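Protein chains: 2
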Amino acid sequence: MKLAIIFGGSSFEHEISIVSAITLKSVIKSHQLEFIFIDSSRDFYLIDSNNMKSKFFSSKEYLKKAKKLEISKGGFFTSGLFSNKKIEFDVALNLIHGRDGEDGKLASLLEFFNIKYIGPRVEASVISYNKLYTKLYANYLGVKVIDYKVLSIDDNRDLDLEYPVIIKPLRLGSSIGVSIIKSKDELDYALDVAFEFDNQVLIEPFIEGIKEYNLAGTYANGWHLSIIEEPTKEEFLDFDKKYLDFSRDERVNRANIDEALEEKIKESFKKIYKQTFEGAIIRCDFFVIDNEVYLNEINPIPGSMANYLFDDFNNILSLVATNLPTQKNIKIDYLYINNIQKAKGKA
Amino acid sequence: MKLAIIFGGSSFEHEISIVSAITLKSVIKSHQLEFIFIDSSRDFYLIDSNNMKSKFFSSKEYLKKAKKLEISKGGFFTSGLFSNKKIEFDVALNLIHGRDGEDGKLASLLEFFNIKYIGPRVEASVISYNKLYTKLYANYLGVKVIDYKVLSIDDNRDLDLEYPVIIKPLRLGSSIGVSIIKSKDELDYALDVAFEFDNQVLIEPFIEGIKEYNLAGTYANGWHLSIIEEPTKEEFLDFDKKYLDFSRDERVNRANIDEALEEKIKESFKKIYKQTFEGAIIRCDFFVIDNEVYLNEINPIPGSMANYLFDDFNNILSLVATNLPTQKNIKIDYLYINNIQKAKGKA
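Quick mapping for you: the protein sequence lines, in order, are chains A and B.
Letter by letter, the first sequence follows residues 1 to 347 in the working numbering.
Letter by letter, the second sequence follows residues 1001 to 1347 in the working numbering.
Treat the hints with care, as some may be off.
Said to hold, decoys possible - Using 25 Å as the maximum straight-line C-alpha spacing, the simulated BS3-like pairs for lysine-lysine come out as follows:
#, chain 1, residue 1, chain 2, residue 2
1, A, 68, B, 1086
2, B, 1331, A, 67
3, A, 331, B, 1068
4, A, 342, B, 1055
5, B, 1149, A, 270
6, B, 1067, A, 86
7, A, 64, B, 1073
8, B, 1060, A, 331
9, A, 73, A, 85
10, B, 1073, A, 68
11, A, 55, B, 1342
12, B, 1067, A, 73
13, A, 65, B, 1073
14, A, 331, B, 1065
15, B, 1073, A, 73
16, A, 342, B, 1065
17, B, 1068, A, 68
18, A, 144, B, 1144
19, A, 60, B, 1331
20, A, 67, B, 1085
21, B, 1068, A, 86
22, B, 1331, A, 53
23, A, 149, B, 1271
24, B, 1073, A, 67
25, A, 65, B, 1342
26, B, 1328, A, 149
27, B, 1085, A, 85
28, A, 68, B, 1085
29, B, 1085, A, 73
30, A, 342, B, 1060
31, A, 60, B, 1073
32, A, 149, B, 1270
33, B, 1073, A, 86
34, A, 86, B, 1086
35, B, 1053, A, 342
36, B, 1149, A, 271
37, A, 328, B, 1060
What the hints assert, rightly or not - A few chain A positions that, by computed beta-carbon distances, are all more than 12 Å from chain B:
#, residue
38, 26
39, 31
40, 33
Worth flagging that the hints you see were computed from the coordinates, not collected in a lab.
Note that this is a predicted model, so its numbers are computed, not measured.
We put the beta carbon where it would ideally sit given N, CA and C, even for glycine.
My request is simple: use the sequences and hints to build the entire structure.
Shown next, in the form of structure tokens:
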């Protein structure tokens, strides 16, 4: 199978997407790869595999050395004076973290232009990108979530909170703009930081020492779930640490939890995934409090695709690629217009 | 102002989008217009204003006579052998009803390619296109909704329902695939019909003679709400009737309701709109039961833009066009990659 990895994007997580792509280059052994980079101006470039080094991007060398592409019906094309050449691949992999990749925009482009892809569809993107919608969705499905409050940039900040709390921009991942604060004195500054990234923020109680478990998986003609990992963490993972996380390529150890809890976590994952996330390999991060499972967040495009959680990641990619959801074919017959024309005596 | 009306689309509501566009041609007097048609194959065409007649599309005359366009960074372009010519306009108006237009795909394309547009953004599209998400969203905001059940195509159909019920595909508008059924005998057939259009359906109690009120509006440097209309209806508006509705261009009469109820409806509209629907002119359809307001549905791209509900629709368009939400500019400085390279001794 030939896979086109799309990475970069106009996103605060642009750089970690580059790291993710470089990591996948070393992890994906069973498939051929093409690399399609979206730069901060949203131009597309075809990147030679030999140039898949972070410096090629940070030094802007790609501007001189990489071929520019256009996205259009059916795929990506290099534009020549007399001909457009199509980049050949079987399926694209959306590896853009954050804006453009996880907010539904790239999914929309790929779907509109009829390009097959691994990644969350538009609805799945919006539901996981906006943390409020994630809460509403999980709650509807009977998956518990931590209490929360949403605050908008123009709202009154005179809040009655029980500290410590964690403050997050409503629509970002990778811990960007996130603060944990222990008293009201710190509130204003933490809100200012979060509002730098979004005009709505999420406020949740911060529970010290909470147990966190990550599970990745997909549904592709059956369930394929990864091992459950208990990520190591400091007070919480800050951006630098999470950043390094995006370059992980070594298998991790299974969390030491009993079978009943493992089953609860898996059931929660399946509820979240089913119907909405088909076509994607996602990672859900759960909290466990008093043996109850709470959804923390859905990563519909996890760092380095959470490859390190799977026994056979290359095979998972094949399975998803051959079981992608399809768009309904809508036949337009102009029956109604013809009827109206008849009724008006125009036909 | 020069407005580019984008209509058609790969949608069950393709034809009513054409009717909407033809109607707007006659309604919009204060602005210049361009017409961009998306056909059922998702190709873009520039339509000469003189050809804005339904037969031009139903007869497929556009294939021979209209110029093909490409969407790309900054706008729509005709492709010539040696040059691409940009179609000049100030702002696009997304007038595609149903799939592609209301599901977030066109919004994504326009945003990605940095084309200014009037219409719902990606989140707003997903929240209003999926009727389950609309319910969860309204409920969160404290706007009442009618009870409901969601059924998936593979789910057991042995449901314990109180009849009559109304069955709708989860993601369509314009009454397509909708049935009202009075007993369990009719359930299977009605579900089959709805599942033709979506693999999830919404089931709600059908309340005979329920009062329905429509209100359109927008927030553009202040609230601009239309009059409230009580639409005339039969048992319920079927597709043919709603279809004709899309060609409405005459002002309607204000519903005969007391001020307190009017205020309640307006407050509900504002709750739904605020934060999420900026940039769009939407119509919300409400039910009133025992003087309580219930959201029925959000039409983020209403038929003929609900022009007939506004005193000065041309002015509303100007106001929205000059108060569009903007995308945050994300500067990518490669600070993290540079730091990592330093840490690894590679810089």
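To see whether the hints hold, each was checked on the structure:
1. For the suggested pair residue 68 of chain A and residue 1086 of chain B, the alpha carbons sit about 20 Å apart, so the restraint of at most 25 Å is met.
2. Proposed proximity of residue 1331 of chain B and residue 67 of chain A is supported: the alpha carbons are some 23 Å apart, at most 25 Å.
3. Taking the CA atoms of residue 331 of chain A and residue 1068 of chain B, the gap is about 21 Å. The hint holds against a cut of 25 Å.
4. Pair hint residue 342 of chain A plus residue 1055 of chain B holds up; C-alpha atoms about 11 Å apart against a cutoff of 25 Å.
5. Of the supplied pair hints, the one linking residue 1149 of chain B and residue 270 of chain A holds, its CA atoms being roughly 20 Å apart against a limit of 25 Å.
6. A C-alpha spacing of about 23 Å is found between residue 1067 of chain B and residue 86 of chain A, which places the hinted pair at or below 25 Å, so the restraint holds.
7. Proposed proximity of residue 64 of chain A and residue 1073 of chain B is supported: the alpha carbons are some 20 Å apart, at most 25 Å.
8. With a C-alpha separation of about 14 Å, the suggested pairing of residue 1060 of chain B with residue 331 of chain A holds against the 25 Å cut-off.
9. A C-alpha spacing of about 13 Å is found between residue 73 of chain A and residue 85 of chain A, which places the hinted pair at or below 25 Å, so the restraint holds.
10. Only pairs whose Cα atoms come within 25 Å are accepted, and residue 1073 of chain B paired with residue 68 of chain A is accepted, the gap being roughly 13 Å.
11. Only pairs whose Cα atoms come within 25 Å are accepted, and residue 55 of chain A paired with residue 1342 of chain B is accepted, the gap being roughly 11 Å.
12. Annotation: proposed proximity of residue 1067 of chain B to residue 73 of chain A holds, straight-line Cα distance about 17 Å (limit 25 Å).
13. Only pairs whose Cα atoms come within 25 Å are accepted, and residue 65 of chain A paired with residue 1073 of chain B is accepted, the gap being roughly 21 Å.
14. Our distance criterion of 25 Å between C-alpha atoms is met by residue 331 of chain A and residue 1065 of chain B, whose separation comes to about 22 Å.
15. A threshold of 25 Å between alpha carbons decides the hint, and for residue 1073 of chain B with residue 73 of chain A the separation of about 15 Å falls inside it, so the pair holds.
16. Proximity of residue 342 of chain A to residue 1065 of chain B is assessed by CA-CA distance (about 24 Å); at most 25 Å being required, the pair is judged to hold.
17. Between residue 1068 of chain B and residue 68 of chain A, the direct Cα distance comes to roughly 23 Å. Compliance with the 25 Å bound is thereby established for this hinted pair.
18. Proximity of residue 144 of chain A to residue 1144 of chain B is assessed by CA-CA distance (about 23 Å); at most 25 Å being required, the pair is judged to hold.
19. Proposed proximity of residue 60 of chain A and residue 1331 of chain B is supported: the alpha carbons are some 14 Å apart, at most 25 Å.
20. A threshold of 25 Å between alpha carbons decides the hint, and for residue 67 of chain A with residue 1085 of chain B the separation of about 23 Å falls inside it, so the pair holds.
21. The straight-line distance between the Cα atoms of residue 1068 of chain B and residue 86 of chain A is roughly 20 Å, inside the 25 Å bound, and the hint therefore holds.
22. This hinted pair checks out: residue 1331 of chain B and residue 53 of chain A have alpha carbons roughly 21 Å apart, not beyond 25 Å.
23. For the hint pairing residue 149 of chain A with residue 1271 of chain B, the CA-to-CA distance comes to about 16 Å; that is within 25 Å, so the pair holds.
24. A C-alpha spacing of about 17 Å is found between residue 1073 of chain B and residue 67 of chain A, which places the hinted pair at or below 25 Å, so the restraint holds.
25. For the given pair, residue 65 of chain A sits about 24 Å from residue 1342 of chain B by alpha-carbon distance, which is consistent with the 25 Å threshold.
26. Distance restraint check for residue 1328 of chain B and residue 149 of chain A: the Cα-Cα separation of roughly 23 Å lies within the 25 Å cut-off, and the hinted pair is therefore satisfied.
27. Restraint check: the Cα-Cα separation between residue 1085 of chain B and residue 85 of chain A comes to about 21 Å, which is no more than 25 Å; the hinted pair holds.
28. With a C-alpha separation of about 19 Å, the suggested pair residue 68 of chain A and residue 1085 of chain B falls inside the 25 Å cut-off, and the hint holds.
29. Of the supplied pair hints, the one linking residue 1085 of chain B and residue 73 of chain A holds, its CA atoms being roughly 19 Å apart against a limit of 25 Å.
30. With a CA separation close to 17 Å, the supplied pair residue 342 of chain A and residue 1060 of chain B stays within the 25 Å bound.
31. Distance hint between residue 60 of chain A and residue 1073 of chain B is fulfilled; the C-alpha atoms sit about 20 Å from each other, no more than 25 Å.
32. Restraint check for residue 149 of chain A and residue 1270 of chain B: the C-alpha separation of about 20 Å stays at or below 25 Å, so the hint holds.
33. At most 25 Å may separate the alpha-carbon atoms for a hinted pair to count; residue 1073 of chain B and residue 86 of chain A meet this at roughly 19 Å.
34. In summary, the hint linking residue 86 of chain A to residue 1086 of chain B is supported, as the alpha carbons are separated by about 23 Å, within the 25 Å threshold.
35. With a CA separation close to 14 Å, the supplied pair residue 1053 of chain B and residue 342 of chain A stays within the 25 Å bound.
36. A C-alpha spacing of about 16 Å is found between residue 1149 of chain B and residue 271 of chain A, which places the hinted pair at or below 25 Å, so the restraint holds.
37. With a CA separation close to 22 Å, the supplied pair residue 328 of chain A and residue 1060 of chain B stays within the 25 Å bound.
38. With 12 Å as the threshold on Cβ separation, the claim that residue 26 of chain A sits away from chain B holds: the shortest Cβ distance comes to roughly 15 Å.
39. The non-interface label for residue 31 of chain A is consistent with chain B: the shortest C-beta to C-beta separation is roughly 26 Å, beyond 12 Å.
40. Separation of residue 33 of chain A from chain B is adequate, the least Cβ-Cβ distance of about 21 Å exceeding the 12 Å criterion.
Going through the hint list in order, the structure satisfies each hint without exception.
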